[in-house]
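Whole structure, please, built from the sequences with the hints as guidance.
Going line by line, the protein sequences match chains A and R. When the letters of the first sequence are read in order and numbered with full-length UniProt numbering, they come out as residues 1 to 399. When the letters of the second sequence are read in order and numbered with full-length UniProt numbering, they come out as residues 1 to 399.
Calculated from the structure, these hints are not laboratory results. Heads up, a few of these hints could be off.
Pairs involving identical chains hold if they fit within one copy or between any two copies, as the list cannot separate such chains.
[Unchecked claim] Dumping the calculated DMTMM-like pairs for lysine to aspartate or glutamate here, alpha-carbon to alpha-carbon at most 25 Å:
id, residue 1, residue 2
1, Lys44, Glu366
2, Lys127, Glu205
3, Lys89, Glu310
4, Lys44, Asp204
5, Lys311, Asp30
6, Lys311, Glu174
7, Lys89, Glu302
8, Lys243, Glu199
9, Lys125, Asp229
10, Lys243, Glu93
11, Lys329, Asp387
12, Lys127, Asp11
13, Lys97, Asp160
14, Lys311, Asp204
15, Lys44, Asp387
16, Lys329, Asp186
17, Lys97, Asp11
Number of protein chains: 2
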Amino acid sequence: MSQYRTFTAADAVEYARQFGGVDNPDSLVDSLEVGDGNLNLVFKIFDTQGVSRIIVKQALPYVRCVGESWPLTLDRARLEAETLIEHGKFCPEHTVKILHYDADLAVMVMEDLSDHAIWRGELVKGKNYPLAATQLGGYLAQTLFHTSDFFQHPYQKKKDVIRFTNPELCDITEELFFNEPYEQHDRNAYPRELERLAEALRDDEELKVAVAGLKHRFFSNAEALLHGDIHSGSIFVAEGRLKVIDAEFGFYGPIGFDIGTAIGNLLISYCAAPGLLVPREAADAREQRLNDVRDTWNSFAEGFLALAAEKSTDRALATPGYAREFLGKVWSDTIGYCGTELIRRTVGMSQVADIKNIDDRAMQVECVRQAITLGRSLILLANHVPDIDALIMRIRQNG
Amino acid sequence: MSQYRTFTAADAVEYARQFGGVDNPDSLVDSLEVGDGNLNLVFKIFDTQGVSRIIVKQALPYVRCVGESWPLTLDRARLEAETLIEHGKFCPEHTVKILHYDADLAVMVMEDLSDHAIWRGELVKGKNYPLAATQLGGYLAQTLFHTSDFFQHPYQKKKDVIRFTNPELCDITEELFFNEPYEQHDRNAYPRELERLAEALRDDEELKVAVAGLKHRFFSNAEALLHGDIHSGSIFVAEGRLKVIDAEFGFYGPIGFDIGTAIGNLLISYCAAPGLLVPREAADAREQRLNDVRDTWNSFAEGFLALAAEKSTDRALATPGYAREFLGKVWSDTIGYCGTELIRRTVGMSQVADIKNIDDRAMQVECVRQAITLGRSLILLANHVPDIDALIMRIRQNG
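Structure representation (structure tokens):
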């Protein structure tokens, strides 16, 4: 049994030699720590040619961007590895491959995706990947269907609910998504120019009732094994390819949370485009993002329905028409969680490059205002948007 | 550590002496096995005066009424004891007191309730307990609120979801409630005269879609620690008193399931009354049952809302107005699960004395027909009954 120690660059190379499954382990000679996230060490492991071959990722026992004052469970490495392994069973094409993990060291070894780029960075640059949204929807359909009660045996599903119980990471979401943006809180990070708009959120009882419902379903509705944090920064893209990474928030939750989070980040990009790109490019990018939103939902929904028709194992849930009815609830949840994602990324602590990279302050404030306004509308309208076309129309109306 | 063995009458006495907490243990001298249920041994332990003082209940490793061919986990004794202990923390007045339990022996020692009677038996006799329904609603409010996300810390709640994971007993409900009555199945036990009505259930796709939704929420919505089988046979009553027993189906599930099950059994009694009582008594009994249904719901809902206003610990769920909105969903679930309870008790395997005790065959068939028809209506109408008055009106319309 191994004991936790923080890896040095040399440790990471040695570990990759041992567990990376490369033909000639001694060819791995160097490493570089590239973790730009908030929580972990990430080492690229290079061969003698200077080519990155393997990734070694280790969880730190605290929140990296805050420091040792915010401790955080090392069990998240196991949760991340096991979520990705589980998702990889059902959607290997779009899930990063885990080669090895060790729960005690809180470390995992995974395939290198250096020939891909993080989707958020590409969106910030205005680069379009026309297949990505459809692929993302396909990943969501495969992973969420196959881990749901439609497909899993009830005994196995109950075991997996236990295995993927993730109190500490869920706590972060419970606070940052559903509480802090609707309160006065030190960690909120909206521009001071939008104080009145933020105050209006805090004073909007109808909004807060709707957010409470979303939080309650996040707490209680164990519908499928979620990625739990599927934003554009957790997705690698390349021409015609897409890989999901970073599943440490994985747990059994409401399906609409994953889809809403994914779509919410596309809409952040939509709102930010005028601040990042020249007007004509921005207009194109906004149309592309609306297409992406449509493609993500349609690909998910069509995929899920096709899987439900073909592969449902539960006799009652297999009833013709039930999957479609269930997707109606998933749709409402999707819109609601999408709204909360827009707000937590703008009012709340977890700011994103799409907004941060806007140089013009006034423009930045306007983009944030649009995102908050859209988020609020979506939360309030979640039960009243009949379909994806109506959603797209609502987004356009928001300006 | 103890090892499982089936208790003899003498073992039960000895065990009660050891763990019954009576002042003079040697006064316990005799026992009688009185288990009339389907699953367990139940010993009454008598003192030298012939007074029953303590109950010793032991789970058998199979379904008693079927035999050793249907094995069943002994862990249900732990689940039952821990559910009752948990419910007893929040509603000691109406939860049977567990004095001791041993998971390995699958045995528990509990207070004797010989001065009470099983409610179902009293209902069959036409005896009314005017406070019982209000007390039952109070028990449901206390136990379901205090084990929910409104009150429990998220870490504790997640631990309890694990602790109360109950795959084998849930499997029984999943099959008997939500599958078998809507299929051709050997275990179904409806009168042959109602073959066409049973067939109509099997052919009703709209009904089966609604039942699939109820089953799906039973699978996935971990809203509170349910009793899991709260019918009138799991409830002891006496003048002005009520005690809930038999919680081996306890698990984290949708709140409406417990309330719907409870109300469903009152409606079985409503449907059966004309077969059990002379016309004038039957008419009175039916009015009393409708009052009971109203009192159960109102007492639960008012209790839950009052607790939510006073004692919610979750900042988002404490938002004024949210508990009431949530109860709207619980209400729809309640009606739906109530409908499935009516059908599983008439079409399905789990027949009840209310129906079995009707001597006149033609009358019995008519009572069953009414219960099935009412159950079907409630499942289909679950989202369209605005309040308790509308529900009572619907029940009257059913005849």
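Do the hints match the structure? See the list:
1. Lys44 to Glu366: Neither. Shortest intra-copy (38 Å) and inter-copy (75 Å) distances fail the 25 Å Cα cut-off.
2. Lys127 to Glu205: Result: close neither inside a copy nor across copies, 39 Å intra and 47 Å inter.
3. Lys89 to Glu310: Intra 18 Å, inter 47 Å, cutoff 25 Å: intra-copy only.
4. Lys44 to Asp204: neither (47 Å within a copy, 58 Å between copies)
5. Lys311 to Asp30: neither (46 Å within a copy, 57 Å between copies)
6. Lys311 to Glu174: Intra 33 Å, inter 19 Å, cutoff 25 Å: inter-copy only.
7. Lys89 to Glu302: within (20 Å within a copy, 47 Å between copies)
8. Lys243 to Glu199: neither (39 Å within a copy, 49 Å between copies)
9. Lys125 to Asp229: within (22 Å within a copy, 58 Å between copies)
10. Lys243 to Glu93: Only inside one copy: Lys243 and Glu93 sit 7 Å apart there, 56 Å across copies, limit 25 Å.
11. Lys329 to Asp387: Classified as both; 12 Å inside a copy, 22 Å across copies.
12. Lys127 to Asp11: Intra 37 Å, inter 77 Å, cutoff 25 Å: neither.
13. Lys97 to Asp160: within (20 Å within a copy, 33 Å between copies)
14. Lys311 to Asp204: Between copies, since 22 Å is at most 25 Å while 43 Å is not.
15. Lys44 to Asp387: Neither: 43 Å inside a chain and 61 Å across chains, both beyond 25 Å.
16. Lys329 to Asp186: For Lys329 and Asp186, the Cα distance exceeds 25 Å both inside one copy (34 Å) and across copies (35 Å).
17. Lys97 to Asp11: within (21 Å within a copy, 57 Å between copies)
In this structure, the hints that do not hold are numbers 1, 2, 4, 5, 8, 12, 15, 16, in rising order.
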